[in-house]
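Enquirer: Work the whole structure out from these sequences, hints included.
Using our numbering, the first residue of the sequence shown is number 16, and each one after it goes up by one.
Quick caveat, the hints were computed from the structure, so don't treat them as lab data. A portion of the hints provided could be inaccurate.
With a Cα cut of at most 35 Å, we get these calculated DSBU-like pairs of lysine-lysine [claimed, not checked]: (1) K156 with K43; (2) K107 with K118; (3) K45 with K107; (4) K43 with K118; (5) K156 with K118; (6) K43 with K107; (7) K45 with K118; (8) K107 with K156; (9) K45 with K156.
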Amino acid sequence: MKKPFLTGCLLVALSGCTEFSTMYQPGKTKTERNVDQAQCNRLAADEFPPWIVTDWWPIYNAAGEVIGQRPESYDVNEGRRYTAARECMQSKGYARVTIPYCKDEQLAGRSYAPITVAPELSPNICGLRTDNGRVLIDLTKPI
Numbered sequence: 016m017k018k019p020f021l022t023g024c025l026l027v028a029l030s031g032c033t034e035f036s037t038m039y040q041p042g043k044t045k046t047e048r049n050v051d052q053a054q055c056n057r058l059a060a061d062e063f064p065p066w067i068v069t070d071w072w073p074i075y076n077a078a079g080e081v082i083g084q085r086p087e088s089y090d091v092n093e094g095r096r097y098t099a100a101r102e103c104m105q106s107k108g109y110a111r112v113t114i115p116y117c118k119d120e121q122l123a124g125r126s127y128a129p130i131t132v133a134p135e136l137s138p139n140i141c142g143l144r145t146d147n148g149r150v151l152i153d154l155t156k157p158i
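Expert: See below:
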């Protein structure tokens, strides 16, 4: 029972290294997407402002007696705010997509210029980690 569970956890962890998920709309620049995301985040924050709630959980000793309390604070509106921002982005024409990272074999020592305007997604489009964050490149257009 432990091996399948451990293998599944390992696969989930490694999948985060091979692709990334983002809100995407062909024809938009990264700046335009960031502005749209900021506007949606602002609308969601206005509609569902932070509402911090503190719960107090009992602390028990070995005999099962309550010997103290532990506070736990959380934002009740966090999920609603996330959903509202996602729905706002979808209403602006964005969709959540998963883009694979470029493999070393695909790059094969060639250089590529970052794509500035989001293209239609195809198997030739992949992500590349840089010092300035993630960029998209088109494997059919080496420089």
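Enquirer: So which of those numbered hints doesn't the model satisfy?
Expert: none
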